[in-house]
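Peer 1: Residue numbers (the numbering used here), protein chains in the order written: chain F, 1 to 336; chain G, 1 to 336.
I should point out that these hints are in silico values taken from the structure, not numbers from a laboratory.
Predicted model, so just to flag it, every value in this text is computed and none were measured.
Virtual Cβ for every residue (Gly too), placed ideally from N, Cα, C.
Among the hints, a few may not be true.
As the list claims (entries may be wrong) - Listed below are the simulated BS3-like cross-link pairs for lysine-lysine, each with C-alpha atoms no more than 25 Å apart in a straight line: (1) F/157 x G/277; (2) G/240 x F/277; (3) F/42 x F/4; (4) F/277 x G/277; (5) G/240 x G/192; (6) G/157 x F/333; (7) G/124 x F/4; (8) G/4 x G/333; (9) G/293 x F/157; (10) G/157 x F/293; (11) G/69 x G/157; (12) G/277 x F/293; (13) F/242 x F/192; (14) G/277 x G/179; (15) F/124 x G/4; (16) F/293 x G/293; (17) G/69 x G/124; (18) F/243 x F/192; (19) F/4 x G/157.
Stated by the list, open to error - Beyond 10 Å from chain G on every Cβ pair, some chain F residues (computed): (20) 57; (21) 121; (22) 176; (23) 186; (24) 218; (25) 220; (26) 230; (27) 243; (28) 272; (29) 318.
2 protein chains.
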Amino acid sequence: MMVKMLNYIQFGLGPIGEKIVSYAIDRENLCLVGAIDIDKSKVDQDVGQLIGTRPLGIRVSSDVDDVLKNAEADIVLLSTVSSLAALEEQILRCIRYGKNVVSSSEELAFPWIENRKIAETIDKEARKHRVTVIGTGVNPGFVMDALPIFLTSACQKVHSIRIERYQDASIRRRPFQEKIGAGLSLKEFMEKVSTQSIRHVGFTESIQMIAYSMGWELDRTEDIVEPVVADNDVASHFIKVKKGEVVGICQTGRGFINGNTVITLELQAYLGHTAPKDAVIIEGEPSMQFEVKGGVNGDIATCAMVVNAMPKVLQASPGLKTMPEIGLVSWFKGYR
Amino acid sequence: MMVKMLNYIQFGLGPIGEKIVSYAIDRENLCLVGAIDIDKSKVDQDVGQLIGTRPLGIRVSSDVDDVLKNAEADIVLLSTVSSLAALEEQILRCIRYGKNVVSSSEELAFPWIENRKIAETIDKEARKHRVTVIGTGVNPGFVMDALPIFLTSACQKVHSIRIERYQDASIRRRPFQEKIGAGLSLKEFMEKVSTQSIRHVGFTESIQMIAYSMGWELDRTEDIVEPVVADNDVASHFIKVKKGEVVGICQTGRGFINGNTVITLELQAYLGHTAPKDAVIIEGEPSMQFEVKGGVNGDIATCAMVVNAMPKVLQASPGLKTMPEIGLVSWFKGYR
Chain F
1 MMVKMLNYIQ FGLGPIGEKI VSYAIDRENL CLVGAIDIDK SKVDQDVGQL IGTRPLGIRV
61 SSDVDDVLKN AEADIVLLST VSSLAALEEQ ILRCIRYGKN VVSSSEELAF PWIENRKIAE
121 TIDKEARKHR VTVIGTGVNP GFVMDALPIF LTSACQKVHS IRIERYQDAS IRRRPFQEKI
181 GAGLSLKEFM EKVSTQSIRH VGFTESIQMI AYSMGWELDR TEDIVEPVVA DNDVASHFIK
241 VKKGEVVGIC QTGRGFINGN TVITLELQAY LGHTAPKDAV IIEGEPSMQF EVKGGVNGDI
301 ATCAMVVNAM PKVLQASPGL KTMPEIGLVS WFKGYR
Chain G
1 MMVKMLNYIQ FGLGPIGEKI VSYAIDRENL CLVGAIDIDK SKVDQDVGQL IGTRPLGIRV
61 SSDVDDVLKN AEADIVLLST VSSLAALEEQ ILRCIRYGKN VVSSSEELAF PWIENRKIAE
121 TIDKEARKHR VTVIGTGVNP GFVMDALPIF LTSACQKVHS IRIERYQDAS IRRRPFQEKI
181 GAGLSLKEFM EKVSTQSIRH VGFTESIQMI AYSMGWELDR TEDIVEPVVA DNDVASHFIK
241 VKKGEVVGIC QTGRGFINGN TVITLELQAY LGHTAPKDAV IIEGEPSMQF EVKGGVNGDI
301 ATCAMVVNAM PKVLQASPGL KTMPEIGLVS WFKGYR
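Taking the hints into account, I'd like the entire structure generated from these sequences.
Peer 2: Right under this line is the structure:
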C-alpha cells in the first residue's frame, strides 16, 4: 500500500528555515523535495548536512524558478523576509507554479487592512491557481490572536479582550536580547524606536484578526513601544546593563470602538522578568482568565506552527487565508 | 442594501434549546424561523414568550416534517436527546430537508469509533445533500478536547496530554448536583454507576478526537467513574450530605499506546471543591501548562458554543464534521 507523502519545498534557509526543516524531519510522511536560498555559502550544500543531521539528498539551490517548477511539491514553506512588500513577488511566484504557501511573515498573518492591495493580489492569484496561502507563527498567528479568538467560543458575550505576553529575555539568544534593546541607553533606544528598528512586528495584524473574528469595527488601532529601564545593574550571558539603561521593551497595542479599548495586547520582554507568562483576560459572559505558566516558547513554537499548519492548509479552500479560517491546527505525528 | 440573515430552526426546546434561542437573540442577523418540540405544554406557544422575552412570531410546533420542509432555514440547532442512536433519525430527517445541523449531543462530537455505523450513515447522507453536520458543546466539543488540541500547535513534540476539569458543584443548579450523586450513600452511588446513570458522557469521544488529531493509534481507552466521599458533613442550597456519604464524582478517562497513558482526562465535580479550574498539561517540546482560573462555565458555554459554531458550519464542506475540521469557532457580534 502506497503511503501518502506530503512533499514540500523549503524556501529560505536562515535560522527559521533550518529549524523548520529539522522539525519536519521528525514527522512521518513529510518529504523535503527542494530547497532555495540565495546565500552563496549555502548553495549546493546538502540541506541535511547544512542543518547538522544526516544527508537528505536535496541540495540548496539559488535558482528559484528551477526548484519551483521541477520539484514535485504540494507546498512551499517560505521563510525569507518579513516585509510583505518584499515577500509578495516570492509568494506570487510560488502560486504561479501551483504551490500552496505557508509563510512565517508576520505581516501576512492578517494583511487585509494594513496591506490590502497586496492581500487582494495574492488572494486573487491563489484562487485562480487553486492553491492556499497563509501566514502563521507563534506571534502573530497563535498566542496573541488565534488562541484568544478560540477561547471566546465559550462566551455568550465578549466586551473586551486583554492579552499579555511576558518574557524573561535573559534566557534567550543574543540576537533576541539585542533586538529588544537590552544594554542601550535611553536615548539610543528611543532613536531605534523612531526608526522602527526596535519593535515586535504584527500587533496591528493580531488586533485586526481578533476584531474581524469578533465582528468589531474598530475606529483605530495603536501600537506603542516603550523602554523598560533597569532599577539596578543587571547582566545576562551576553549583555551587561547599568542602572538607568534599558533592559528591554514594553510594547502595547490597542483597538478602539467609540473611544473604548476593546482589545489590548501587551508584550513585556526584558532581562530578569520574574513573572513570565502568556495570559488572556476576557471580559464578558462568562469572563475568563487564562494563563500559560512561563509562557509559550517562541523559538520552538514559530517553526512548529509552520510545520503543524501544513495539513490544514492542504485541506483548505483556495485563496489567501488567515488562522481562524483553516481547520484547527495541531501537532501531528505524521501526515496522512 | 440587503443584510444577509442566518435563518435557523430550533429543534428541541428543553433547557438547552431555550437557552440557545435566548443567546441567538442577542446576536445580530440570526433569525429564528421555526421551532420544534413534542412537549404538548409548549406546542403553539410563541417561542419568545416561552423563554421569557418579547414575542418572536414563531410558534412551537410538534410537526417535524412541516417545520423542516417549510421554514426557510440554513441550519437546524438540534438539542433533543443525548443518545446518538435515538438522535440519528432526527439528524437524517434534517439532512434530507437540506438543512445543516449543529447538535449538542455529546456522542456526536467524535462518533467515528464508538458509533461508526451511525457516523458513516450521517456522513454519506450529508455529503449527498451537500450539508454539514456537527456535534459540539463545552464538553465534549471544547474544553477537554478541541482546546487542548489547538494548544499543541505550538509544539514540536507531544508525548502526552493531561486535562483536568475541576468544578465546585455547590454553585450549580439542583439537577447538576443530583446528576453527580451528591447526597447518595456509597452503595446507591455505585449502583447508579453500574447502570451508567451517573457519568459524564463523552470522555471516550474526547479522547478519540485528541488521538485522531495527534495521529496516535490507541490500543484502548478507559472511562472510570468514582465517588468523592465527604470528610465531614457538608451542605449546598439543595442537598445535605453527611460525612461518609457521596459529595460528588471523580471521573477519569485514559488513552493508551503500548500500555503507556498518552491521554488523561480527569473530571472532579463535588460540593465544596476549593480549587476549581480547567487545566491542560502537555508533556513535549515544549512542555506547557495552561489554566483557566475557576474553569469554563459549562452552563453558558455549551449553548454559546452551539450558537458560535453556526457561521463556521455554514462555511464548512459537506459531511459529518468534528470541531478540529471546521474553522476556528469564536464568539461573534453578528452574522455576516
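Peer 1: Evaluate each hint against the coordinates.
Peer 2: So, going through the hints one by one against the coordinates:
1. Between the alpha carbons of residue 157 of chain F and residue 277 of chain G the distance comes to roughly 20 Å, so the proposed pair stays at or under 25 Å and holds.
2. For the suggested pair residue 240 of chain G and residue 277 of chain F, the alpha carbons sit about 41 Å apart, so the restraint of at most 25 Å is broken.
3. Note on residue 42 of chain F and residue 4 of chain F: the hinted pairing is violated, with a Cα-Cα distance of about 30 Å set against a maximum of 25 Å.
4. A distance of roughly 18 Å separates the Cα atoms of residue 277 of chain F and residue 277 of chain G; the hinted pair therefore holds under the 25 Å criterion.
5. For the suggested pair residue 240 of chain G and residue 192 of chain G, the alpha carbons sit about 19 Å apart, so the restraint of at most 25 Å is met.
6. Proximity of residue 157 of chain G to residue 333 of chain F is assessed by CA-CA distance (about 8 Å); at most 25 Å being required, the pair is judged to hold.
7. Taken as a hint, the residue 124 of chain G and residue 4 of chain F pair is honoured in the structure, with Cα atoms around 24 Å apart against an allowance of 25 Å.
8. This hinted pair checks out: residue 4 of chain G and residue 333 of chain G have alpha carbons roughly 14 Å apart, not beyond 25 Å.
9. At roughly 18 Å between alpha-carbon atoms, residue 293 of chain G and residue 157 of chain F fall within 25 Å of each other, so this suggested pair holds.
10. For the hint pairing residue 157 of chain G with residue 293 of chain F, the CA-to-CA distance comes to about 18 Å; that is within 25 Å, so the pair holds.
11. Of the pairs offered as hints, the one joining residue 69 of chain G and residue 157 of chain G is violated, with about 49 Å between alpha carbons and a cut-off of 25 Å exceeded.
12. At roughly 14 Å between alpha-carbon atoms, residue 277 of chain G and residue 293 of chain F fall within 25 Å of each other, so this suggested pair holds.
13. Distance check on the hinted pair: residue 242 of chain F and residue 192 of chain F sit about 19 Å apart at the alpha-carbon level, within 25 Å; holds.
14. Proximity of residue 277 of chain G to residue 179 of chain G is assessed by CA-CA distance (about 20 Å); at most 25 Å being required, the pair is judged to hold.
15. A distance of roughly 24 Å separates the Cα atoms of residue 124 of chain F and residue 4 of chain G; the hinted pair therefore holds under the 25 Å criterion.
16. A hinted pair counts as satisfied when its Cα atoms are at most 25 Å apart, and residue 293 of chain F with residue 293 of chain G qualifies at roughly 12 Å.
17. Proposed proximity of residue 69 of chain G and residue 124 of chain G is supported: the alpha carbons are some 21 Å apart, at most 25 Å.
18. Taking the CA atoms of residue 243 of chain F and residue 192 of chain F, the gap is about 20 Å. The hint holds against a cut of 25 Å.
19. A threshold of 25 Å between alpha carbons decides the hint, and for residue 4 of chain F with residue 157 of chain G the separation of about 21 Å falls inside it, so the pair holds.
20. The claim that residue 57 of chain F is not at the interface with chain G holds, since no C-beta of that chain comes within 10 Å of its own (minimum 23 Å).
21. The beta carbon of residue 121 of chain F sits about 23 Å from the closest Cβ of chain G, which is more than 10 Å, so the claim that it is off the interface holds.
22. Listed as outside the interface, residue 176 of chain F is consistent with that label: its C-beta sits roughly 16 Å from the nearest C-beta of chain G, beyond the 10 Å cut-off.
23. Every C-beta of chain G lies more than 10 Å from that of residue 186 of chain F, the closest at about 34 Å, which supports listing it as non-interface.
24. No beta-carbon of chain G comes within 10 Å of the beta-carbon of residue 218 of chain F; the shortest separation is about 12 Å.
25. Interface exclusion of residue 220 of chain F from chain G stands, the closest Cβ pair being 18 Å apart, more than 10 Å.
26. Distance check for residue 230 of chain F against chain G: the nearest CB is about 28 Å away, which clears 10 Å, and the non-interface claim stands.
27. Under the 10 Å C-beta cut-off, the non-interface status given to residue 243 of chain F relative to chain G holds; the minimum distance is some 33 Å.
28. The Cβ of residue 272 of chain F lies farther than 10 Å from every Cβ of chain G, with a closest approach of about 21 Å, so its non-interface assignment holds.
29. The beta carbon of residue 318 of chain F is kept farther than 10 Å from every beta carbon of chain G, the shortest such distance being approximately 13 Å.
Checked against the numbered hints given earlier, this structure breaks hints 2, 3 and 11; the rest are met.
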